[in-house]
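> Sequence order for the protein chains is Z and E. To get my numbering, take the position in the first sequence, counting from 1, and add 80. To get my numbering, take the position in the second sequence, counting from 1, and add 1.
Among these hints, one or two may not hold up.
Unchecked claim - From the structure, some residues in chain E lie toward chain Z, with a derived Cβ separation under 10 Å:
#1 Gly11
#2 Val13
#3 Tyr28
#4 Ser53
#5 Pro62
#6 Ser63
#7 Gly99
#8 Asp103
The hints are simulated quantities; they were obtained by calculation from the structure and are not laboratory data. Treat the numbers as computed from the prediction; the structure is a model and nothing was measured. Even glycine gets a Cβ: it sits at the ideal position worked out from N, Cα and C.
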Amino acid sequence: DIVLTQSPTTMTASPGEKVTLTCLASSAVNYIYWFQQRSGASPKLLIYFTSSLASGVPDRFSGSGSGTSYSLTINSVEAEDAAIYYCLQLTTTPLTFGSGTKLEIK
Amino acid sequence: EVQLQESGPGLVKPSQSLSLTCSVTGYSITSNFWGWIRKFPGNTMEWIGHISFSGTTAYNPSLKSRISITRDTSKNQFFLQLNSVTSKDTATYYCAKGNYFDYWGQGVMVTVSS
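Just chain Z, same shape as in the assembly:
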């Protein structure tokens, strides 16, 4: 199975700050997908095919990477971005998720 390691596990940011979340794969994957899960809500697709923004997602979110190293960047973080962020790989089965990064806003 491909293991996705996300870092940091938890981070705190101030409104307006730029944050970068990392997802490292144990083997190369074709693409990474990013999800946001706010407290009490279902996961929401943010980024597909590594860098494509899902419908309705603010353009302060962006994704990049290749091979085994991927990142999600939030430019000018806002209070509503407080959530757990997960990465997902679909290259091989079983599909696997990262362990998540919890983003807290000061």
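Since the structure of chain Z is provided, determine the placement of chain E on it from the hints.
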């Protein structure tokens, strides 16, 4: 608008079977892929499996001996059955649409306990 909604018992006894239904509106399940994912206490997410537009299935090997995903196209629903449950199956279960889960249900919390 695409909507998915899970339904099923919130409490299941150990060794029994868990059965969940995902009802879909706004999109036909004879198109695309339809999956089940669960989130454990502590936030770990696990892909359970999916059923395709043609009815073929794929399962997580860690669960393959215990699970079955089926569908009823006349009702636009698909189903998860998980057999021989233990406390380790306690989780919130989600159904989701597509290869990369662009729509999700609200989730159903399932506790395995006697």
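> Each of the hints needs a verdict: does it hold here or not?
Hints, verified against the model:
1. Gly11: Nearest chain Z Cβ about 16 Å off; hint violated.
2. Val13: It is violated, given that the least Cβ distance between valine 13 (chain E) and chain Z is near 21 Å, above 10 Å.
3. Tyr28: violated (14 Å)
4. Ser53: Because about 13 Å separates serine 53 (chain E) from the closest Cβ in chain Z, which is outside the 10 Å limit, the hint is violated.
5. Pro62: Holds, about 6 Å.
6. Ser63: holds (7 Å)
7. Gly99: Since chain Z brings a Cβ to about 9 Å from glycine 99 (chain E), closer than 10 Å, the hint holds.
8. Asp103: holds (5 Å)
Checked against the numbered hints given earlier, the structure breaks hints 1, 2, 3, 4 and satisfies all the rest.
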